[in-house]
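Note that the protein sequences, when read in sequence, are chains A and B.
FYI, in the working numbering the residues of the first sequence are 1 to 143.
FYI, in the working numbering the residues of the second sequence are 1 to 303.
Some hints here could point you the wrong way.
[To be verified] If you want the footprint, here are the derived chain B segments under chain A, 3+ residues with CB under 8 Å:
no., region
1, 29-36
2, 42-53
[What the hints assert, rightly or not] The calculated DSBU-like cross-link candidates involving lysine-lysine, where the alpha carbons are at most 30 Å apart (straight line), are:
no., chain 1, residue 1, chain 2, residue 2
3, A, K6, A, K71
4, A, K136, A, K71
5, A, K10, B, K2
6, A, K10, B, K29
7, B, K247, A, K6
8, B, K29, A, K122
9, A, K136, B, K229
10, A, K142, A, K67
11, A, K10, A, K138
12, A, K4, B, K257
13, B, K247, A, K79
14, B, K229, A, K10
15, A, K72, A, K138
16, A, K67, A, K97
17, A, K4, A, K79
18, A, K6, B, K229
19, B, K269, A, K138
20, B, K247, A, K4
21, A, K132, B, K29
22, B, K247, B, K257
23, B, K229, A, K79
24, A, K97, A, K10
25, A, K10, A, K71
Please keep in mind that the hints were generated in silico from the structure rather than gathered at the bench.
Keep in mind it's a predicted model, so treat the numbers as computed, not measured.
Ideal Cβ placement from N, Cα and C applies to all residues, glycine included.
Residue-level listing of the chains:
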Amino acid sequence: MSLKIKALTKSLWVFHAATSPCNNCDIEVLDLFTPRHDIERFGMTLVGSVRHADVLVVTGVPNYKTKERLKKLYSQVSKPCLVVAIGNCACGRIMFKESYNSPCPVDEVVPVDVYIPGCPPKPEAMIAGIVKLINKLKAKEKK
Amino acid sequence: MKLLLSYLIFPGFLFSACIGLFAGWVDRKVTARIQYRVGPPWYQNFMDIVKLLHKEIIIPEGARLTFLFAPFLGLLSVVLMSTILGRSLNIYASGFSGDLIVIVYLLVMPAIAMIIGASSSENPLASIGASREIKAVLAYELPFILSIIAIIVKSGGSIRIGSILNHQAFAGSNIASFSGALAFIVVLFSIQAKLCFVPFDASEAEQELMAGTLIEYSGLPLAMFKLTKAILLYALPVFLIVLFMGKDISPIFLIGKYILILVSIILIKNTNPRLRIDQTLRFFWGPMAVLAVLALGLTLFGL
């Protein structure tokens, strides 16, 4: 494993993009940084600016307004950047599928690397998803 | 050649960056333990820097040349400062007359680099951060320099670090006297503000300004700003030790005093809420400036 990938997997900085969610997933994302789950053990921190981010965490169904914002955010991140869709809405916009204000799911706007379903997913599920993300990075390196 | 080596490796860049990044880990770990968390592993800050070196560098549209020039200014001047400080601690009488003044000047440079970089990035949040940084610099420089003058008067008007250390070796540490203790409190709060740590970090407040002055930086320039902060975290407590606790600077005592000051800075950081910028200004020009003037006056009476 090269130093580049190792450093990336050991220090993933997360930027939280909320594209019109119901705030339930956002609260569960914040739970990851509390004493019980403490994800800073693996070097992850929430960053304020999107330029510093390595992982874009997306929650909610994009509507006409936030879809453009999400596209713009993804173009502003310094690459390599990974995208994680958290919650049923971001994974497949379940009951909002026929809604007048939901033009498309998240993965038609930005390329999604890992899907974490649940309404909201438990923090343990999110940690499992992050482990999948890291394994995916390592597998990509091997090819 | 020898000078270049000492600039790049031993008391200079490599050594002080390693110590500083390690001190940054101590900061994160102690913060985590205070909040009943576990905290990151010891190599975390090194990994962050290596990762940032491999990221893409984005230059925002409309940014000027100074956007890329500012991180170099900050890093180079801080490395020069830590080299002068390290050499005058290591080798007896290696300093030159007036190196204290040079160090005080070089300590302002990272803040100026931050201001230049932020204001040339064409981002409204960064420009708010830059204006707050300017006010913070104006606020903390006055009591900082006043209490350094108190130290200079105390050690017989000498502006050489070597002779300040000499004076303390004979007459006891400066902090042991009444005026020295007052000046120490003032300088401790000033370096808290110089490091942009929590009570005085309005310029890069993460919750309101989204990293403020650093908002447009990514990749290598961001890594250079992080290294600048790390070296400051090493050099400022050492500067404090030289000025105030210079009686015994054998390695074990030096490390012990360094850890003492580092942990007290971290505890101040973790037990205080962020001040607004006008409160910062009032704090430094009010109580802190009065304390510094008092220390200066007491020194003139020889207390």
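Is the straight-line distance between the alpha-carbon of K132 of chain A and that of K29 of chain B 30 Å or less? Status holds; Cα separation ~26 Å.
Just to be careful, I want the Cα atoms of K247 of chain B and K4 of chain A compared with a cutoff of 30 Å; is the pair within it? Judged against 30 Å, a Cα distance of about 45 Å means the pair is violated.
What's the verdict on K142 of chain A and K67 of chain A, does the C-alpha distance respect the 30 Å limit or exceed it? This hinted pair is violated, its Cα atoms lying about 34 Å apart.
Counting residues of the region 29-36 of chain B with a beta carbon closer than 8 Å to any beta carbon of chain A, are there 3 or more? holds (count 3)
Would the pair K247 of chain B and K257 of chain B pass a check requiring their Cα atoms to be no farther apart than 30 Å? This hinted pair holds, its Cα atoms lying about 11 Å apart.
Given the hinted pair K72 of chain A and K138 of chain A, is their Cα-Cα distance within 30 Å? 28 Å, holds
Keeping to a limit of 30 Å between CA atoms, is the pair of K4 of chain A and K257 of chain B held or broken? Roughly 36 Å between the alpha carbons, so the hint for K4 of chain A and K257 of chain B is violated.
Holds or violated: K97 of chain A and K10 of chain A, Cα atoms, limit 30 Å. 37 Å, violated
Between K67 of chain A and K97 of chain A, is the straight-line Cα distance small enough, at 30 Å or below? 15 Å, holds
Please work out if K269 of chain B and K138 of chain A have their alpha carbons no farther apart than 30 Å. 37 Å, violated
K4 of chain A and K79 of chain A were given as a pair; does the straight-line alpha-carbon distance stay at or below 30 Å? It holds: about 13 Å lies between the C-alpha atoms, which stays within 30 Å.
Next pair to validate is K247 of chain B with K79 of chain A; report whether the Cα-Cα distance is within 30 Å. Not satisfied, since the Cα-Cα distance of roughly 51 Å exceeds 30 Å.
Consistency note: the structure conflicts with the earlier hints numbered 5, 7, 9, 10, 12, 13, 19, 20, 24.
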